[in-house]
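Residue strings, one per chain:
There are 2 protein chains.
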Amino acid sequence: MSLIVQKYGGTSMGSPERIREVARRVARFAKEGHQLVIVPSAMAGETNRLLGLARELNPDPDPRELDVIASTGEQVSIGLLALALQAIGLKAKSYTGWQVPIVTDTAHSKARILGIEERKIRQDLEAGHVVIVAGFQGIDDENNITTLGRGGSDTTGVALAAALKADECQIYTDVDGVYTTDPRIVPEARRLDTVTFEEMLELASLGSKVLQIRAVEFAGKYKVKLRVLSSFTDVGSTDMGTLITFEEDENMEQAIISGIAFNRDEAKITVLGVPDRPGIAFAILGPIAEANIDVDIILQNASSEGLTDFSFTVHRNEFKRAMQILETKVKPAIEAKGVVGDERIAKVSLVGIGMRTHAGIASKMFGALANEGINIQMISTSEIKTSVVVDEKYMELAVRVLHRVFELDKAPAQEKMKP
Amino acid sequence: MSLIVQKYGGTSMGSPERIREVARRVARFAKEGHQLVIVPSAMAGETNRLLGLARELNPDPDPRELDVIASTGEQVSIGLLALALQAIGLKAKSYTGWQVPIVTDTAHSKARILGIEERKIRQDLEAGHVVIVAGFQGIDDENNITTLGRGGSDTTGVALAAALKADECQIYTDVDGVYTTDPRIVPEARRLDTVTFEEMLELASLGSKVLQIRAVEFAGKYKVKLRVLSSFTDVGSTDMGTLITFEEDENMEQAIISGIAFNRDEAKITVLGVPDRPGIAFAILGPIAEANIDVDIILQNASSEGLTDFSFTVHRNEFKRAMQILETKVKPAIEAKGVVGDERIAKVSLVGIGMRTHAGIASKMFGALANEGINIQMISTSEIKTSVVVDEKYMELAVRVLHRVFELDKAPAQEKMKP
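Heads up: the sequence lines are chains A and B, in that order. First residue of the first sequence: 1, per the numbering used here; consecutive thereafter. First residue of the second sequence: 420, per the numbering used here; consecutive thereafter.
By construction, these hints were calculated from the structure, which means they are not laboratory data. All figures in this text were calculated on a predicted structure; none of them were measured in a lab. Please note: incorrect hints may appear among the correct ones.
[Stated by the list, open to error] Subject to a maximum C-alpha distance of 30 Å in a straight line, what follows is the list of computed DSSO-like cross-link-like pairs (lysine-lysine):
(1) K31(A) to K331(A)
(2) K165(A) to K120(A)
(3) K450(B) to K529(B)
(4) K539(B) to K110(A)
(5) K644(B) to K783(B)
(6) K642(B) to K584(B)
(7) K750(B) to K120(A)
(8) K110(A) to K320(A)
(9) K120(A) to K642(B)
(10) K320(A) to K410(A)
(11) K364(A) to K393(A)
(12) K91(A) to K539(B)
(13) K529(B) to K91(A)
(14) K783(B) to K642(B)
(15) K110(A) to K510(B)
(16) K364(A) to K320(A)
(17) K91(A) to K644(B)
(18) K510(B) to K329(A)
(19) K510(B) to K320(A)
(20) K510(B) to K644(B)
(21) K644(B) to K584(B)
(22) K120(A) to K91(A)
(23) K364(A) to K110(A)
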């Protein structure tokens with residue numbers, strides 16, 4: 001008997017018929033003797049409907065009140081799923097975030113989970129209940145409702161799996177696993193049977209969007225076995241999706257490159273003519289961080305005559321706010337020459353654990369892009385990825401070229417040998 | 420400066436435009452210097468939509484899960500109203516039932532309020548906030564979400580007014596006050612400027628449906644000044660609706676009859692051939708009460724040969740359950756001769772505080788009905804009302820006849836003298 005946490009996305013919960021389908025899948029696992037904690041998202045479209053109503057009433061809504069409104073989508077889902085499970089004879093009990101409680105910080109609409117009290121859930125599991133916990137939401141220490149941000153239900157699922165020391169956290173979604181890249185852009189994209197956490201982290205953060213990045217971080221931190229599966233297969237299907245592995249299996253023949261991620265949600269900002277002195281990066285990014293704006297790539301070029309240019313990327317939705325902060329607060333304070341920005345960029349990244357030990361990956365990447373006449377605006381590298389920022393209009397072309405050049409449509413040696 | 424609790428019904432909250440209208444009305448009172456606690460219902464249609472989804476998944480839904488689902492309607496409303504108030508420059512903060520907390524018993528879908536912790540609300544009012552509290556919902560001592568039943572937001576409003584010792588509780592609805600009877604049935608029906616609590620209690624319980632009965636009881640118990648107003652008048656309107664008075668003003672010329680209530684939501688049940696011995700009423704109604712079925716009229720006829728007939732009315736929705744309990748549990752236990760029921764009845768009631776001191780009201784009522792050939796099936800009287808049960812098909816006719824005979828279209832002497 002295992003303890004399994006299953007998270008179902010909004011499409012899986014999209015209608016009474018789909019919810020009944022989820023219930024039948026849960027019942028199959030229950031019949032096999034597993035203990036089950038289910039984390040449903042809001043019904044597809046519901047969160048957008050609610051946020052639409054909110055924005056209609058207030059174009060600059062109070063995040064506290066937005067969370068009060070948005071969290072109802074998941075609350076409806078847990079009740080409906082409990083009823084659907086009860087209708088087919090299972091014992092089921094629902095919990096909102098505050099009922100568990102799932103305690104978070106107070107960063108409304110992007111809260112972080114600080115702790116989960118799992119006692120009541122464990123009691124219910126022992127008593128033979130399927131326990132249903134609302135995804136995406138929590139409660140801060142002042143009893144305010146918080147939400148974890150888009151895709152936050154993944155994080156709820158993983159955090160629950162960690163707190164309960166579950167054997168596996170299964171993320172059911174409308175894709176059947178993690179692919180080398182988005183099949184809508186590269187039809188030859190191939191599904192991966194396994195992917196390491198680090199690769200997954202990069203793939204999710206860079207735009208593969210199969211899993212929320214914080215969920216993957218959480219899984220890595222707490223060594224949660226994470227699996228991505230499709231909720232659109234038959235209820236009895238034995239398809240096991242993509243397993244996200246935490247430790248590198250040394251016997252496994254690793255593909256050098258696992259996949260190509262891309263992202264056109266970012267914007268690039270450069271602060272020009274910055275005095276090259278200690279503390280300058282903090283002087284620029286401190287006010288940005290204070291405004292709760294996340295920064296992705298950060299680049300500082302070499303200095304000439306005591307002045308340097310400082311570039312970074314932010315989410316496109318926060319571009320205007322970031323520009324305003326820089327213009328009004330940072331530029332006068334540090335006496336920079338100017339601030340320029342570009343919203344029409346895209347980031348394309350090669351991701352692979354094998355990159356650590358294989359030289360020449362980056363140069364092969366740059367060469368392939370140059371051959372297609374694609375200009376590279378920024379470069380950023382880490383142990384297992386190499387990212388470039390290019391003009392948005394070249395994004396699809398760049399992804400296709402790299403997928404072909406790195407032969408991602410072909411399975412690596414060991415996978416090929418599988419039956 | 421007064422402290423006013425305002426409750427807005429579902430129609431008043433029915434769309435973003437309507438919510439903005441509520442916000443403007445609230446702002447007007449805030450500008451006049453009042454402290455305000457606002458209790459909105461769910462947007463019109465929302466509760467039915469949610470319960471419809473629930474019943475589609477489970478025709479016999481678990482009340483605990485139903486409450487989890489149904490309570491989201493009001494939660495959305497408090498967030499939206501807070502945003503609408505903030506959009507026009509007011510400070511506003513929302514509370515769900517559990518955040519206040521509003522503590523109830525555990526009778527899901529018909530819970531009763533046991534207590535309200537008003538400390539946080541008072542702090543927010545002192546800090547200049549409009550406080551918005553979700554109607555219809557609470558929390559039991561096991562942290563389960565509960566709901567108060569249809570119309571429960573009225574009760575929330577009155578209970579908050581009592582806890583906060585508010586100067587007035589204003590119930591905004593889609594009617595502009597309490598009428599002598601339903602104007603859709605009697606076009607000459609007249610709006611009352613004032614009505615006593617006791618009359619209101621009878622009018623609400625008997626089907627006028629302007630206010631939830633429990634709300635009126637609560638107001639009477641805690642001496643809350645209650646006013647029914649229309650949310651469809653101009654925001655600046657000085658129309659004061661109908662004031663529900665707690666104490667009889669001895670100087671006021673009382674109308675003998677204030678109004679005529681009616682109700683076709685009930686069903687009549689008679690247990691035939693019951694042994695006439697002590698404890699028999701409890702033997703019949705005990706199992707009904709245990710099943711949480713409310714009973715309205717109760718009649719026991721005089722005994723003949725040691726056997727009597729025992730009649731009572733229940734809500735039509737609970738007729739089948741009540742009949743089943745009587746057939747399977749009660750009848751064998753007390754050796755009754757039979758159980759018969761009729762769903763096609765209606766109750767029509769004359770209500771008026773003046774009835775206490777005026778003889779002959781009942782006989783005038785029975786005479787008027789007899790003149791129209793309407794047979795009376797049951798009669799029940801109290802200090803301020805006389806109710807008859809008649810065949811459902813005669814209901815409208817009975818109401819019209821009584822309205823005319825008792826001259827309810829004409830204002831009583833004192834009201835006529837007003838400017």
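Quick rundown of the hints versus the structure:
This hinted pair does not check out: K31(A) and K331(A) have alpha carbons roughly 63 Å apart, beyond 30 Å. Between K165(A) and K120(A), the direct Cα distance comes to roughly 15 Å. Compliance with the 30 Å bound is thereby established for this hinted pair. Distance hint between K450(B) and K529(B) is unfulfilled; the C-alpha atoms sit about 37 Å from each other, more than 30 Å. Between the alpha carbons of K539(B) and K110(A) the distance comes to roughly 25 Å, so the proposed pair stays at or under 30 Å and holds.
Pair hint K644(B) plus K783(B) does not hold up; C-alpha atoms about 34 Å apart against a cutoff of 30 Å. A distance of roughly 9 Å separates the Cα atoms of K642(B) and K584(B); the hinted pair therefore holds under the 30 Å criterion. With a CA separation close to 43 Å, the supplied pair K750(B) and K120(A) exceeds the 30 Å bound. Proximity of K110(A) to K320(A) is assessed by CA-CA distance (about 19 Å); at most 30 Å being required, the pair is judged to hold.
Between the alpha carbons of K120(A) and K642(B) the distance comes to roughly 41 Å, so the proposed pair goes past 30 Å and is violated. The suggested pairing of K320(A) with K410(A) is violated, with an alpha-carbon distance near 42 Å, which exceeds 30 Å. Restraint check for K364(A) and K393(A): the C-alpha separation of about 22 Å stays at or below 30 Å, so the hint holds. For the hint linking K91(A) to K539(B), the alpha-carbon distance of about 37 Å lies beyond 30 Å, and the restraint is violated.
Taking the CA atoms of K529(B) and K91(A), the gap is near 23 Å; set against the 30 Å cutoff, the hint holds. Restraint check: the Cα-Cα separation between K783(B) and K642(B) comes to about 34 Å, which exceeds 30 Å; the hinted pair is violated. Of the supplied pair hints, the one linking K110(A) and K510(B) holds, its CA atoms being roughly 23 Å apart against a limit of 30 Å. Restraint check for K364(A) and K320(A): the C-alpha separation of about 35 Å exceeds 30 Å, so the hint is violated.
Distance check on the hinted pair: K91(A) and K644(B) sit about 46 Å apart at the alpha-carbon level, beyond 30 Å; violated. With a CA separation close to 28 Å, the supplied pair K510(B) and K329(A) stays within the 30 Å bound. Distance check on the hinted pair: K510(B) and K320(A) sit about 26 Å apart at the alpha-carbon level, within 30 Å; holds. Taking the CA atoms of K510(B) and K644(B), the gap is about 26 Å. The hint holds against a cut of 30 Å.
For the given pair, K644(B) sits about 10 Å from K584(B) by alpha-carbon distance, which is consistent with the 30 Å threshold. Restraint check for K120(A) and K91(A): the C-alpha separation of about 15 Å stays at or below 30 Å, so the hint holds. In summary, the hint linking K364(A) to K110(A) is not supported, as the alpha carbons are separated by about 38 Å, beyond the 30 Å threshold.
Hints 1, 3, 5, 7, 9, 10, 12, 14, 16, 17 and 23 from the earlier list are contradicted by this structure; the remaining hints agree with it.
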